[in-house]
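J.: One letter stands for each residue in the lines below.
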Amino acid sequence: MFRRIDKATDTVAITFDGIPMRVDTEQTVSAALLGQGISTLRKSVVGDRPRAPYCLMGVCFECLVTIDGIQNRQACMTIVRDGMAISSQSGARALDEGC
Amino acid sequence: MTLRKIDDVHRLDREYDLAIIGAGPAGMAAAAEAAAAGARTILLDENPAPGGQIYRSIERNSPARRAFLGKDYWKGKDILKAFLQCDAAYLPQALVWSVEQGETDGKASVELRVSAGGKSSIVHARRVVFATGAMERPMPVRGWTLPGVMTIGAAQIALKSSGLVPDGRVVLAGSGPLLYLFADQLLQAGGNLVAVLDTTPRSNWAKALPFLPPFLVSPYLLKGLALLVKVRRSVPVFTGVGTIEVFGQDRASAIRFQAKGRTEEIDIDSAFLHQGVVPNNSLANATGCLLGWNDRQKCFQPELDTRGRSSLPAIYVAGDGGGIGGALVAEVGGRIAALAACLDLFPEKTRQIGPLLAKHEKRRRVLSRGRTFIDTLYQPAVAFRAPTDLETIACRCEEVTVGAIRDAAARNVVGPNQLKTMLRCGMGSCQGRMCTATITEILADVQQRSPDDIGTYRLRTPIKPVPLREFASLPLTPDAVQAVTGDHSDRS
Numbered sequence: 001m002f003r004r005i006d007k008a009t010d011t012v013a014i015t016f017d018g019i020p021m022r023v024d025t026e027q028t029v030s031a032a033l034l035g036q037g038i039s040t041l042r043k044s045v046v047g048d049r050p051r052a053p054y055c056l057m058g059v060c061f062e063c064l065v066t067i068d069g070i071q072n073r074q075a076c077m078t079i080v081r082d083g084m085a086i087s088s089q090s091g092a093r094a095l096d097e098g099c
Numbered sequence: 001m002t003l004r005k006i007d008d009v010h011r012l013d014r015e016y017d018l019a020i021i022g023a024g025p026a027g028m029a030a031a032a033e034a035a036a037a038g039a040r041t042i043l044l045d046e047n048p049a050p051g052g053q054i055y056r057s058i059e060r061n062s063p064a065r066r067a068f069l070g071k072d073y074w075k076g077k078d079i080l081k082a083f084l085q086c087d088a089a090y091l092p093q094a095l096v097w098s099v100e101q102g103e104t105d106g107k108a109s110v111e112l113r114v115s116a117g118g119k120s121s122i123v124h125a126r127r128v129v130f131a132t133g134a135m136e137r138p139m140p141v142r143g144w145t146l147p148g149v150m151t152i153g154a155a156q157i158a159l160k161s162s163g164l165v166p167d168g169r170v171v172l173a174g175s176g177p178l179l180y181l182f183a184d185q186l187l188q189a190g191g192n193l194v195a196v197l198d199t200t201p202r203s204n205w206a207k208a209l210p211f212l213p214p215f216l217v218s219p220y221l222l223k224g225l226a227l228l229v230k231v232r233r234s235v236p237v238f239t240g241v242g243t244i245e246v247f248g249q250d251r252a253s254a255i256r257f258q259a260k261g262r263t264e265e266i267d268i269d270s271a272f273l274h275q276g277v278v279p280n281n282s283l284a285n286a287t288g289c290l291l292g293w294n295d296r297q298k299c300f301q302p303e304l305d306t307r308g309r310s311s312l313p314a315i316y317v318a319g320d321g322g323g324i325g326g327a328l329v330a331e332v333g334g335r336i337a338a339l340a341a342c343l344d345l346f347p348e349k350t351r352q353i354g355p356l357l358a359k360h361e362k363r364r365r366v367l368s369r370g371r372t373f374i375d376t377l378y379q380p381a382v383a384f385r386a387p388t389d390l391e392t393i394a395c396r397c398e399e400v401t402v403g404a405i406r407d408a409a410a411r412n413v414v415g416p417n418q419l420k421t422m423l424r425c426g427m428g429s430c431q432g433r434m435c436t437a438t439i440t441e442i443l444a445d446v447q448q449r450s451p452d453d454i455g456t457y458r459l460r461t462p463i464k465p466v467p468l469r470e471f472a473s474l475p476l477t478p479d480a481v482q483a484v485t486g487d488h489s490d491r492s
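The listed protein sequences derive, respectively, from chains E and Z.
Quick note: the first sequence uses the working numbering, first residue 1, plus one each step.
Quick note: the second sequence uses the working numbering, first residue 1, plus one each step.
These aren't lab readings, by the way, just hints derived from the structure by calculation.
Treat each hint with caution, since some may be false.
These stretches of chain E come out as covered by chain Z in the derived footprint (C-beta under 8 Å, 3 or more residues) [claimed, not checked]:
1. 4 to 12
2. 23 to 29
3. 35 to 49
4. 52 to 62
Cβ-to-Cβ under 7 Å is the rule here; a few derived chain Z residues that face chain E [what the hints assert, rightly or not]:
5. M135
6. M150
7. L164
8. P166
9. C430
Below, simulated DSS-like cross-link-like pairs (lysine-lysine); rule was C-alpha separation at most 25 Å, straight line [as the list claims (entries may be wrong)]:
10. K7(E) to K77(Z)
11. K420(Z) to K43(E)
12. K230(Z) to K75(Z)
13. K71(Z) to K7(E)
14. K230(Z) to K71(Z)
15. K107(Z) to K349(Z)
16. K207(Z) to K260(Z)
17. K260(Z) to K77(Z)
18. K260(Z) to K230(Z)
The C-beta atom is built at its ideal place from N, Cα and C for all residues, glycine as well.
Here chain Z stands alone, though its shape is the one from the complex:
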């Protein structure tokens, strides 16, 4: 059996048992699992090739050509192979811009609106798995909008997918496992890394220590230590970095920072920032899945049961989009969500699916060991989550500063949605993706309320801009006609 690749949005079936959104480890594994359980499965992914960001370009890369990507990256080959051999359908470069849970003949059913190749179409599924992955937590510092400043994730994507290495003098700044992993990859690929600025608060070590024992058995322990030692041997590493500013006229030319009470400045050609990843939950948010604040990981994530079912019963969330756990946990999570959805669809297969679910749930428990240690150690400093430098831009699209947000917050604005109407933050092209975390944390800081109480932007569909002509081309449902005209006719 092989995967059926679809090249036209109009060639999708009208209905599937299961639709999966995203082709990273969770999505690929979910598709393979669901297809094996007999579900008519479609995987829709916005990227041109499977792999998500963690296994980006896994199909085209090979250890012979780009060995420096490391053995954890090559694990993606096995997931990819199973996906390419499974009996599912796959539509790449497809944006799912709206998802609505409804009912057909008294049974839950989900309507998805999909745009690909300049055309939109409606697809129905009985169950949906969101496997939308993670995005990098914004790291607002002065000058972060200058050309020459990007995220470390972006630099890694350029390396994985196009073999691109930043030219000239490079500085990496921030915290989290990716900081040292990418420093090592960059050095191996021949990049001119002049310094690593580690912003991990020193006090995190003491907080993380009680969680160390389970991490001692984690496969990440040795890898992490080895990377740390290796990078420190090759490049100056500044730890406990407290403030960062990037300078330049029309592009970045220098970075200034404080470490150990001293202010340092380094000439650069480019700087890459990173302070961990957060769930990419735009679609879950816009669909109406309840979100909750994860105080250890400092982010909002969909509220899920142990098998990934969201507050909307036909919608599951798997992988980092449902809470950060890393690639291996995401893969298993994809299998669990897919099997749980299959159990809803085919209750007669309980004896076949039940033991598989138990096996994967056990494996997930093993893989999750040590996560609390990593989360606690790499919890980003509050200075970079809720910045106090008034000139720093928080909302990049509408160019709203930290000062404007702090000012409004002090006047008892009730939350992010009211802030939007006052300052336009979160109303630009990115629809709030790049500032929502910062806005919530600044409001919480100024008003001394919990981020959970502050909340996050309420998103609406389409989750990304879609041309009006694509909207207009879709068949009108009786509900849509009634919403606009008040007319109950059966026109469709």
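Only chain E is shown next, with the shape it has when bound in the complex:
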């Protein structure tokens, strides 16, 4: 959905739904995934419809993903880190085991 207009200096390795990818450092998870052509990050809570990041500034909560096992993280407010495992969500968050 988006492409980069200039080269970044450094990259980190992340995974999205198990797929490994290298993305530029110092950017948000939302921006990194959009730059990889991934826009649908979850299925909506009520209607099970595809949803994508919408506001990129922490307001709309459309970009909720699971990051390193923690659900409902705002992808647009979280900076990518080497080794980060991101996964899409379907519906509402589930109760964690052991919580």
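Once you've looked at the hints, dock chain Z against the given chain E.
T.: Chain Z only, in chain E's frame:
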């Protein structure tokens, strides 16, 4: 002197003279001003780097690399420089999720709960400045929840912070100064912009005309005209657009709209919507600051005195979070609020602070010239503020349609808070941020009442979800213990 960057929420001091929330132009300027006046100052910001949204990534961007961001953007460099050199503390990626005004030793004092890096902590401040900025007014149209549809602000953030340009065929739709500013930036950055759909009602021009004279001296006049001419020369611009629908199976593939009585359809890969900005007032609302309806800007904003003091005397609001005025007015507003707070704290410094305040207040009057013209000209069409298409989703989180809201409104629901319990609108993850404006305006439309009378959602803390373990980790105050157990013990 340099800014002291803090990397752990537990390394914050227990108490500061002044806490500032938000690192956009108002917050950065407030911090520099307060620190210079001798206040022990902390700035807490949710974003990873200073700049807010308007000066997003200002620290890393340079005119050599991304010249198309324009000279108004580079003005952020000066504010940033002063902020980085000031004697304040700064904690980025920090969410202030609760603010309560109380008293310590008979003096007003504010308790802030802050989450950063998965931990929460309590900080006290004698005065607080909310510099929480603006958010884009929602523009509910059919299909706006489809992947491939975002706000123009979002597209601009992607460009500023990550150098991302939307791929494929792009349409921009809506109204307001950002529409043409971003169209120009997108073209310069190599985007494939296929059309601009301008939804500004034609009748706005006649309404705005009487306010034109002060705008003639505004620095925005020439810039605005130049952008308009430039964009129109490169891209088809449809004006007076009345309805918009986005289509697609699992993502947006076409946009249909009406202009000049004709229905048009364009194939797209992405569409970006925008109809101005409104104060991001979640924190002020949840803290209990009184809000009032601004009928010219069609939004709720905190009720403030001329120096930014809210209905809660220890809490000030500066910048667009207190009423939309743009980046330059926000910067000056930050200085004024910070100095006014310092005047509360250090009455002995009146002779030093008074003249500074007068200087900035004068400057704000100059910078605010022409605002009424812009507000009137770009007042979004009622069709997009209080939509009538029954299938359009108004509350994105709980997927509540315009039809459901209009139906309930016709049955004399008293206001947004009752609507919440009936339909669950405003009860999803975004806590009502994305639908509150629409809900108020639809209720006002159906019931023929003023938006001020309808009101807005009453928000509660935490203003964003915080893990229970962070709540549980905070020390219990005697009041909190008593609230749950009825026990008056001194345990803390």
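J.: State for each hint whether it applies.
T.: Quick rundown of the hints versus the structure:
no., hint, result
1, 4 to 12, "holds (count 4)"
2, 23 to 29, "holds (count 4)"
3, 35 to 49, "holds (count 9)"
4, 52 to 62, "holds (count 11)"
5, M135, "holds, 5 Å"
6, M150, "holds, 5 Å"
7, L164, "holds, 4 Å"
8, P166, "holds, 6 Å"
9, C430, "holds, 4 Å"
10, K7(E) to K77(Z), "holds, 23 Å"
11, K420(Z) to K43(E), "holds, 23 Å"
12, K230(Z) to K75(Z), "holds, 22 Å"
13, K71(Z) to K7(E), "holds, 23 Å"
14, K230(Z) to K71(Z), "holds, 16 Å"
15, K107(Z) to K349(Z), "holds, 19 Å"
16, K207(Z) to K260(Z), "holds, 20 Å"
17, K260(Z) to K77(Z), "violated, 43 Å"
18, K260(Z) to K230(Z), "holds, 22 Å"
Checked against the numbered hints given earlier, the structure breaks only hint 17 and satisfies all the rest.
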